[in-house]
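Asker: Each chain, letter by letter, is given below.
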Amino acid sequence: VELEYGRQQVVAGIVFAVLVLLIVAFLVVVWRNTRRDLPLERVQGVGYAFRKRWLAFLAAALVVAVGSAALLAPYPGGAAGERTVVKVASGQFFFTFDPPRVPAGTRVRFEITSVDVNHGVGLYSPGGRLMASVQAMPGYANKLDLTLREPGRYPVLCLEYCGLNHHLMQGAFEVTPS
Amino acid sequence: MATETVPAVFHPRAVGEIASPRLAERRIGWLYGGTGLALFAAMGLAGLAMRLTQAEVLTLSPSWFYRLMTLHGAGMLVGALMSMMGALWYVLRATVPLSLERMLAAYGAIVSGVVAVTVSVVVGGFAAGWTFLSPLPFWAVAEWDTWATVVFLVGMMLVGAGAMIFFVDLLATTSATYGGLRRALGVEYLRGRDHDPPPPQAIAAAVVSFAGLCAGAAGTTVLAALLGRAADAEAQLDALWAKNLTYFFGHTLANLSIYIAAGALYVLVPRFAGRPWKTTKPIVVAWLATLLIVMFAYSHHLYMDFVQPGVLQYVSLTASFAAVLPVAVVTIFTAMLLTWGSRYRWTLASTLVFLGFAGWAIGGVGAVIDSLIPVNLFFHNTLWVVAHFHTYLMLGVILWAIALVAYLLEQAAGRAARASRAGPAVALMLLGGYGLVGVWFLSGMLGLPRRYALHPAESGYSLVASVFVLVFAVGFLLLLAELVWLARAARATGADRSRTAPPEWPAPVPREPTPVLASVRQRQAALVLAGLAVLNFLPFAGNAGEDDVRLHHLVHAGQFLCGLLLGLVVASTPALVRRLRLDLPGAALTGVIAAPALMMLAMVPAMYEPLEDSAALHAAYHVGIGLLGVVTGLGAGRLGAVAGRLLAVLAVGMGLLYAAGVTGA
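Chains as they are written, first to last, in the numbering used here: chain C, 1 to 178; chain H, 1 to 665.
Rather than coming from a laboratory, the hints here were simulated on the basis of the structure. Quick reminder that beta carbons are idealized off the backbone N, C-alpha and C, glycines included. Warning: the hint list may mix true and false statements.
Selected chain C positions facing chain H (Cβ under 10 Å, derived; list incomplete) [claimed, not checked]: (1) Phe-50; (2) Val-102; (3) Val-134; (4) Leu-159.
Chain H extracted, bound-state conformation:
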C-alpha cells in the first residue's frame, strides 16, 4: 500500500498508516463537502435576514420571513447531512467498496430535491416550514398554490430518496464486506465469536444506515400521503400519525448527521493524534445502544401532545437522556483520551474537529435538559430549542463540514493553513456562534416563542443575536479566504498527486450479494405466504373494505405484499435471475425506492374510485398494485440479504402505515 507523505498535516506517527485517497474519494469529498458549505452559506444568509427582521432592522413581510424559515430549515438539514455523508464515504471507501455510481445518484436526487424545494418556496411562496406538519400545507389562506405544495413535497421526497440510496449502499456494502449484519455491527465480536472486528467507522456505518433507511421509509410514507391529500381533499391524514412520521423522518436524519460524522471522526482523529482508534467492546455496545436511541428519541417532539401514547413518551424520555451515555462515555471520551498526551498535530482541520466536539457536548447538554418532560413544559417551541440544536449543528456539524474541506485542501497542499489567518477566523466564528446561541438560550428562558416573524419583546435580543451572526459570518468569510489560499498553494506546488496518479492501492472488490431468501425452504415459505396474500385480490376482500377507507387500503397493502413476496422469490432464485437478466445497473435500487412510493401514491381515492365502476379496470388496478410489489421484491432481492430484507420489511411497513394513517373524508 502506498502511504501518505505529507507529515506537515498529519501526526508523524500516523503518516505511515494513511493511504492516499483515490480520485473517486477526493471527488466525492469535494462534491458533498463543497455543496454542503455552499448550502450553509446561502441558508446562513437567510438566517441572518430572519434575525434582522426580528430585530426590526429589516422589514421582510411575514410571507417572506416564513418562506426563508422554511428554506433555512430544510436547506441546513440537507447541508449537514450531505457534508457528513461525503465525509463518511471518503474515509470508509478505503476498506469498503462503496459504489461511486450510487453516491452520484444520491447526489443527483438530493440536489434535484433542493432545487424543487427552492422553487416551491421562492417562486410558489410555500411557507409551511420544513416540518410541513399536516394539514398546514393545505391551509395556506391563499398564500401559496397547490402546485407549490406538490413541488415542495416532491422535493423533500427526492431528498429522502437520495439519502436512502446512500444508506442502502452503505448498509449493503458494509454488511457484505464484513460478512453479515451481526459482524458489521460488532455483535459477533461482542459475543467472543469474532477476533477481527470491523473498524469503528464500519460499525457506525451499519448503524446509521439501518436507522437512516427506517427514517427514509417513514418520510416517504408521510410525504406520499400528503401528496395524495394534495390531489384529493378526501384523502385526509390523521394529524398525530403525520406528526409522528414527520419527526421520525426529520429528527432522525438531523440526528444522524452527527452520528455519520462520528464515523468519519474515527478515522480522522487518529491521523492527528498518531494513535489508532480501534474497535473495543464499549464501542460496539455504544453503537448498538445508539441504534435504539436514534430510533426512539424523536418522540420528544411530541411531549406536549398529551394524546401521544404514554409508552412512546417515556421511551423517548429514556432514549433522549440515554443518548448522553454512548457519546460522553465512549465517543467523545475516547477522542479526548486519544488526543491527551499525543502531541496532537494542530492544523485547521484538526482544530475544527476538536472544537466540533465542544459544540456537540454543549448542544447535547442543552438538548438533554429540554428532553426532560417537566422541563419541556416550559421550553417546548421556545428559542431554547433553537439554541440547543444550533449549538451542535452550527458549532459542531458545520465546523466538521469545514474541517472536511480543510482536510482535503491541507492534504493536497501538503501544508497546514496559516495559523495567523485561520486562527482569528475560527475565533470570530466561535465568538459569533456561541454569542448567538447564548442569546437564544436566554430568550428561551424568557419564554420567547420560536418561529415568530416578529415579537416586540424579541427585538432587543434579536439585534444582539444579529451582531453575533455577523461576527460569525465575517469569521466564515475569512476562513473561506484561507481555504482559497490553500487551494492555490495546492495547485502551485502540484501536491495534489491523486489527480494524475493511478489508484494507489487496489480498490476493494464488491461481493456478490447474498440472496434475500437463501434456501429453498425460505423460498417455499415465501410462496406459501404469497398464496395467503392472494386472498386480498378476491372479491370478498374488496367488498370488506368498501365502507372503510383504512380497511380498503389494508387490502391494497396485502396485494402489494403478495407481489413483493413473489418478486423476492424470483430475485432469490439464481436460475431465474440469469434467465430474466435482472442485474440491470441501478434497476434494483430504483425499483425498491420508487415502487413503494408509487404504490402509496396510487392509493389516493380519487385515483381508484373512478375505476371501481368497471370490473376490468378495478381488477387491473389491483393487479397494478401487486406488480408494484413484484418490482419492489425484485429490487430488494438483488440488494443482498441485509439491505434487501430490511427494504422489503420497510416497503410492507409503508403500505401498512399508509393504511393506518390515511383516514378519508
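Extracted from the complex, chain C is given alone in its bound form:
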C-alpha cells in the first residue's frame, strides 16, 4: 500500500512543530539565565505574575480544545437512517465487507466487529491517506459514519496488533463511480 500524508495529519504536525520550537526556545532562555545570580524573590515576583496569565491561557485552551474535540468526535448517534450499512468483519488475518462496494457519494455506516481477537480497521483513501482508524473488538460492533466521494479502491490495514501476520493483514473496500 502506497501511503501519502493527509491534510489533517500535516496540520497536526505543523502545530506540534511550532509548539516544540516554543518549548525549546523557552528552555534555551531558561538555560542561559541559569548562569545569572538573581534574588529568588525577584524571580518569583515576575514568574508568579506570569504564571497567572499562563494558567488562564492554558485553561482557555483546554475549554476550546476539549469543547471542539467533543463536538467533532466521530461517534455516530442514532440509527443508520438513510445510510448504507456496510458490515465489516475482521479475523486473523482478513477483512470482509458486506456489501463489498458502494457507489461514490454514498453515505456509509460501517459496522465493524471481529470474529476472534482485537483488530483495527485503518481505512486509507485510494491515494494512501489514512482517513480513519477504528477498532474491531470481538463481541462488539463499532459504528463509523463516512461519506466516500472518490471512486476507487480503499485499502484497509490492520491497526491493532493481532498476531504474527498482523503486518500482512490487509483488505480493500471498493467505491464505484456513481
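Based on the hints, put chain H in the right spot on chain C.
Answerer: Same frame as chain C, but now just chain H:
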C-alpha cells in the same frame, strides 16, 4: 544532622541543607537505578533489532520480531518504573521511615516477574504484546503453548505485586508520618488547618501510591481472569472489560513512572539550584488534580472503540488535556523558576535532570495533540503514538534514570563527571533520541501503523531511525564509560563515606498503624454488614447463581466480602491482635496482595464445578472463599487506616470487577 560536604557537585547554598544518605538509601538507589539501566540497555538492543528488521537490514522472523516487541514493551515499562521507584525512595526516606524489607521484597517480586516474562517470550515464544489484549494470548495459531501464556501472565502479576508492595509501603508510611491521608495530600494545608504541610515529595508519594494501588488492583484482576481463561476455555472474558483493565493497569503505571520521578525531582533540583522547593497551595492543587487525571486518562486508549461508554471517552478527553495544567503551570514551571538566575550547578546529573524536563514537555505536547478525539481518528495506533511516548520515556525518564546513577556516583566521588567526556555523550544521545522520535512523528503523519514487523513504505524511515538509534547507543555507551570512570574515582578517593560511616542522622521511626476500624461503633457496623453478607453462603444464594456465571461469581464476591469484614474487625481489635499474634513480619502485606488474587483464581468454573456434585465439598469451597476474605481483612487491618481501607475496598472491588467481566462460555 550531619551535612554533605561535597560542594563540587551541589550548589554552594544547598550544601548545608543536604543530609548524607544512609547505606540503605544508597543501596536501594543503586539496586533500582542499576537494574533500571540494565533493563534499558537490554531492551534498547531489542528495539534496535526491531528497527533494523523494519529497515530490511536484519531479517528477523515475524515470530522473533513480535517476541522482541513484547519483551521491549514490558521490559522498558518495568525499567522506567523501577528506576523512578528507587529515586523516590532514595530521596523520601530522609524524612519518611520507608521499609527497607518491603522495598527489597518489591524488588524480588518485580525481578522474578521480569525473569518469568523473559522465559515465556524467549523460550516459550509468547508474542501477544505487553498489552496482552484478551483474547489474543489464546489465539496463538500454534506459535506458543499455554504454558508460555501462563508464565507470562504470572510474570506480569509478579511485577504488579512488586509495584503494589512499594505503593502500599509508600502510602501507609507517608500517611502515618504526616498524620493521615488528608494531611499527607496537603488537603488540610489547603483548607488553612495545617501550617506545617508535608514537603512536596511526600504529597507526590501519597498521590502516586494511591493511584498505583488502584492500577495494581485492576492489573491483578485482568491477569487473574486471563489465567482462569488459560485453565478453562469456558471462562471467557468480555473484550471491552479486559481492554479497559489492561490499559488502566499499563497506562497508569507507565504514566506514574513520570509522576514518581517528579517526586524525586522536588528534592534533587534544589540541590543544584540552591533554592528550596517548598509546598505551596498551587502544588497541592496540582497534585490533587493529578490524582484525578491519572485515574481517568487511560481511556484515551479506547477512543477508537466507539462502544466504550461516552462518559469515559469525554472524561478521558478532558483529563488527557488537563494533564498539561499541573505539569506546565506548576511542576516544570516552578523548576524553571528555581533554576532561573540561580547559578545552577551544572553537573552530569543536573544536566540530565534539566534535559529530562524537555523530553517530558515535548512528549507531552505530542500526547496531548493525539489525545483530542478527532485527531486520534487519524493517529490511533500509528507511529505518532510510539513517537510521543518515546519522547517522554526515552528522553525524559531514561535521562532521569541515568541522572539518578550519575547523582549517586558524583556524590560518592565528590566531583562532577568530566564535561569533555560527558558533554559529547549527552549530545549524541539527544541527537539520536530526538532524531529517532522525529522520524516516528513523520511516519505517524504518513499513517504508518505501529507494531508492524515489516511494511514496505516503512523501510526508508526505519533505516534513518536505525541510524539515530545507533547514535543514541554510542552516546549511551560513552556515558556509561564516564560513569565507570566516576565509580573508579569514588573508590580511589575513598569519598564514598557512607559505606563505612554509621547512620548520620537518626532514622525516622515507623509509627504504629492506626486501626482500620478505629472505634467500637465502626467494628459493630462491620459486623452487621458481615452478618448481611453471610446470606451469600445460604443455599438460595447459590441456587440464584446457578444459571448465570456473573451472578454466581457475584455470590462468591459476597462470600469474600463477609470474610474480609470479619478479618478487618479482628485486626482492628487490639486485644485480639495481641492474642492471635497477628504481627508476623510481612504477613499482612503478603495476605492482602495474594489472597484477593487467589480468590479470583479460585473462581474458575473448571475448579468449582466438579465440587458442586458434593454438598460438603461445595460448602467447603465457599468457606474457602470466605477464608481468603478473612486473610485479606486481617492483612488490610494491619496496614493502617489509609492503606488498609484502600486495600480492603480494592480487594472487594476486584471480586466485583471479576464477576462483571468473566462471562462464561
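Asker: Kindly indicate which numbered hints from before are broken by the structure, ordering the numbers from low to high.
Answerer: 2
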